[in-house]
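What follows is the residue order along each chain.
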Amino acid sequence: MQGNKIFDILKNGSRINTNLAVTNSSTMKLKEMLAVNRDPGFSDSWLTNQLYILLLLTIGGTGIVLFWQLLDQYYVSQFETQLKWIRITTIAVYLLNLLIAVLRKSPKAHKQHLIAGFYFGTLFCSLMAVFTGASESPYWFGLFFIIVAWFIIMPYNFFEMIFHSLFFLFIFFTALYIQPFYELVYYEMGRIIFLYSGTLFVGFFAAYIRNNLNAENFKIRNELNQRNQQLEAANKELQEEVAVRLKKEKELNKFRQVLEQTPGAVFITDKHSNFEYLNPVFTKISGYTEDDLLRQNIFKTLYKGSDEIPESRKQVVEYLSQGKSWQGELLTVHKNGNKYWANTIAAPVKDEEGNVDGYIVIQQDITENKRMQQALESSEKRYRELTEMLPQTVYELDLNGNIKYMNQTGMQKFGVTRSYWGQSAFNLIAPEDHRRMMENMKKSLSDGAQTRGNEYTAVTTDGKKFPVMIFASALMENGKVSGTRGIVLDMTEHRDMENALHKSEEKYRTLIENAVDGIIITQHGKLKFVNRAFCELIQYSEKELLDKPYKNYVVQEDHRMMEEYHKRRMSGEDFQTMYRSRIYKKDGTLMEVELNARTSQYNNEPAAFIIVRDITDRLKAEEELRIAKSKLEALNQNLETRIKESSQKLTEANTQLIRLQKENLQSQFEVLRQQVNPHFLFNSLNVLTSLIKLEPDLAEKFTEHLSKVYRYVLENKDNDLVNLQTELDFLDAYIFLLNIRFMDKIDVRVSIDDDKKELKILPLALQLLIENAIKHNSMSKKNPLRIDIYVENENTLTVENNLQERESHMASTGVGLKNINHRYSLLEMPAPQFYKTDTKFIARIPLAN
Amino acid sequence: MRVVIIEDEMYAAKRLENMIREFDPQIEIAAWLESVEESVEWFETNDEPDLIFLDIHLEDDLSFAIFEKVRVSSPIVFTTATDDLAIKAFTMKGIDFLHKPIVGDELKAMLQKYLKSGEDFRKPIGAGFFSDILDK
Chain A
0 MQGNKIFDIL KNGSRINTNL AVTNSSTMKL KEMLAVNRDP GFSDSWLTNQ LYILLLLTIG
60 GTGIVLFWQL LDQYYVSQFE TQLKWIRITT IAVYLLNLLI AVLRKSPKAH KQHLIAGFYF
120 GTLFCSLMAV FTGASESPYW FGLFFIIVAW FIIMPYNFFE MIFHSLFFLF IFFTALYIQP
180 FYELVYYEMG RIIFLYSGTL FVGFFAAYIR NNLNAENFKI RNELNQRNQQ LEAANKELQE
240 EVAVRLKKEK ELNKFRQVLE QTPGAVFITD KHSNFEYLNP VFTKISGYTE DDLLRQNIFK
300 TLYKGSDEIP ESRKQVVEYL SQGKSWQGEL LTVHKNGNKY WANTIAAPVK DEEGNVDGYI
360 VIQQDITENK RMQQALESSE KRYRELTEML PQTVYELDLN GNIKYMNQTG MQKFGVTRSY
420 WGQSAFNLIA PEDHRRMMEN MKKSLSDGAQ TRGNEYTAVT TDGKKFPVMI FASALMENGK
480 VSGTRGIVLD MTEHRDMENA LHKSEEKYRT LIENAVDGII ITQHGKLKFV NRAFCELIQY
540 SEKELLDKPY KNYVVQEDHR MMEEYHKRRM SGEDFQTMYR SRIYKKDGTL MEVELNARTS
600 QYNNEPAAFI IVRDITDRLK AEEELRIAKS KLEALNQNLE TRIKESSQKL TEANTQLIRL
660 QKENLQSQFE VLRQQVNPHF LFNSLNVLTS LIKLEPDLAE KFTEHLSKVY RYVLENKDND
720 LVNLQTELDF LDAYIFLLNI RFMDKIDVRV SIDDDKKELK ILPLALQLLI ENAIKHNSMS
780 KKNPLRIDIY VENENTLTVE NNLQERESHM ASTGVGLKNI NHRYSLLEMP APQFYKTDTK
840 FIARIPLAN
Chain B
0 MRVVIIEDEM YAAKRLENMI REFDPQIEIA AWLESVEESV EWFETNDEPD LIFLDIHLED
60 DLSFAIFEKV RVSSPIVFTT ATDDLAIKAF TMKGIDFLHK PIVGDELKAM LQKYLKSGED
120 FRKPIGAGFF SDILDK
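In the order they appear, the protein sequences are chains A and B. All letters in the first sequence, in the order written, are residues 0 to 848 by numbering that gives the first Met the number 0. All letters in the second sequence, in the order written, are residues 0 to 135 by numbering that gives the first Met the number 0.
Treat each hint with caution, since some may be false.
[Claimed, not checked] Selected chain B positions facing chain A (Cβ under 8 Å, derived; list incomplete):
{"id": "1", "residue": "D60"}
{"id": "2", "residue": "L61"}
{"id": "3", "residue": "A80"}
[Claimed, not checked] Okay, the calculated bits of chain B under chain A, using three or more residues with CB under 8 Å as the criterion:
{"id": "4", "stretch": "4-16"}
{"id": "5", "stretch": "95-109"}
Worth flagging that the hints you see were computed from the coordinates, not collected in a lab. No residue lacks a Cβ here, since even glycine has one placed at the ideal position from N, Cα and C.
All chains should be modelled from the sequences, with the hints used to inform the complete structure.
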């Protein structure tokens, strides 16, 4: 760890820990190993404990002794008893050896007892071998193994080994010189010496190798030990350092969190102005992420040089390069190009030697702040403008009651100027009101809430007094009361108006009292006000009437209606009513009155305002009028009826006249029409036009006859009657035409005696009848229309035809026949007769002489 | 083109026939009917003509009676000597008429309209069509 690379630390955080952990574990392992190899005396694990070996030896030895007991069955010896005692002693000695070794706790003691154990073992084997006598006695093998084992196990150095071997030899050979022993082994001496030497040799060799190995181990162990101690020392140092570093790291971590979570934007550059770190808030306000800026140069990114570098930025660079910090507002460009004002603190970061190692910058987007500030300023401005505009006085006082602010209206009213601000407001209030004003001010300061308006007498600087009403409340600044603020209303006008109102009220009161009609006010069913006229009318005094229910004075039958009206009035409904009623006067008599009521306000509540008029006289007059009126009506009716009658008659006469005229005209027209007879004419012409091409000769004749017919018509139309002869002549021509037109479909026969031909007949009557017959009857070749004309008697000419009535016929006016009738009646001749039989139609025409 | 003449007076019928032939010899006079009975029978057994010239007074009845018995949709031209009521009725019903004696130009106009113009003037006429003219 070098230097003050905060960034590195922050970035690489806990790398130290991991390293330390590694070191620690190595040290740990080493420690373990050393613990294992604590005693340089032994290299193997379970054999390090000499006591255990002694124990084993004891058990082994005892075991062998007992085991050979068994084997000795095969070896008979005269020394049986001695053998037995040797065995017992050996076992006892072994156990004793072990016991004492256990009691003596030190490893040195254990070593001694182990050596002793081996000696006893060797001794035992030797004695046993000697006393059993056999050359192949297994005791020799036993001896061999013991000695070899002894040399292997016992970690003697070279000199120790020589000593032990010689000592053993000494004991052995000394023993041999004990007489009985010597004899026993004399023969075996060679074998014994060979065996023993060999054993010794093997033993030496094994021990030598073992010792070498041990020595190696020992060296290694020593070295390891040394190393371990070194390592421990180093480790301790490391731990200390790490502890210090950890502490520092924790602190730095705290700072790191602070940076991450601070509401301020923070970024750190190295001394070459390359970005090393930036926190999330910075990303938020600038739009740049870590990836964008990390290791990038600040002047190439965030503050990339535009054409002109603003003063502020130049200043920052200057300050920082001098190792000073700078604070101010920097115009910064967001990643998306928008510019924003950032309240900036830039400071250099120094290492332990005091050299600048990097820079740290903290920024705050104050665009919002600036905006709020502007908003606040404009709102304040608005407030001021408003107060200046008000036609009422607006003021602000400090806690001592001195004027902090007064608007234009106020300054005008009180006759002061701006220079007056700072003086006590009490100067502008009449002295008698000072105490009250002070109390009220205290109240508004402590309550904080707006107090009701208080009335005072104000004094201008000129000494003029005027009534005012002041509404005040506490002025708060930074949560503390800093004064009072209020509005002063000039009550002069108000006073004047009040007086005027009073005066007008007086006027009205007088008016009402002097009115001729009764005027009352009812509210909640009671009389609340009665004027003099009403009292006179009703004959009660005012006192007797006030607060009494009005119903008391009204006839029963009108109660319901009045109640309803009154209820509606009381609910505030505004409407007018005018109606009649009867009220009881004091003497009990009834008085007819007219009540004219409307809703009004009395003592701030809805009330009924009623004008009561005595209409007794009026009623009488009305009654008289009514009578007169009805009389007049009757007269009128009479007159009307008469007029109606006479006019009806007139109309009737008129209608009749018109009708007669119309009839006259009609009949005249009909006559005319008949004479011309367009139907006949056009039909004839129709035939004629055919004939002209088809049968020209006939056409000529036809024309002649046609003209004959019309000549007759023209000549005789004005005649009332004509000779039958003339009529028959005409009839010939007419029939001629008919025949051509209808050919076989018609058959007209005229059979009249000559002597009848002097009689007279209506001209064209026959023609009409024939036409009629044609019109109403079907005519075909199969069933021709047969018309017979003959004179029945002196007075009648008959025209009859066979009845072949057409089924359908057009609505005929029937004027034709009517005309004949009419003309005959005009001539005062009997009417012609027309009637039908089953087969015939008969017309009887009267003839005249 | 087929035309039917319903007229009870021979000369009138003949003249009309000649005038039609003069206008266009191609026009076929499919029938000359003189009575209601004859007409009804004819219409029942023959295809409708392209035009009918109809006189009001037929031998046995007023020609309206034909339509009481048979449904005809050929265009009709009435021929009439003045009969005010009829004229009124015809104009109301939208039926053409010719005054008697038939004037050449007027006939030509009718023939032109109903046979040569190419328009379809068929208008079904059945019972009750003329009932307001008749007494019934």
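Would you list, in rising numerical order, the hints stated earlier that this structure does not obey?
Per hint list: zero violations.
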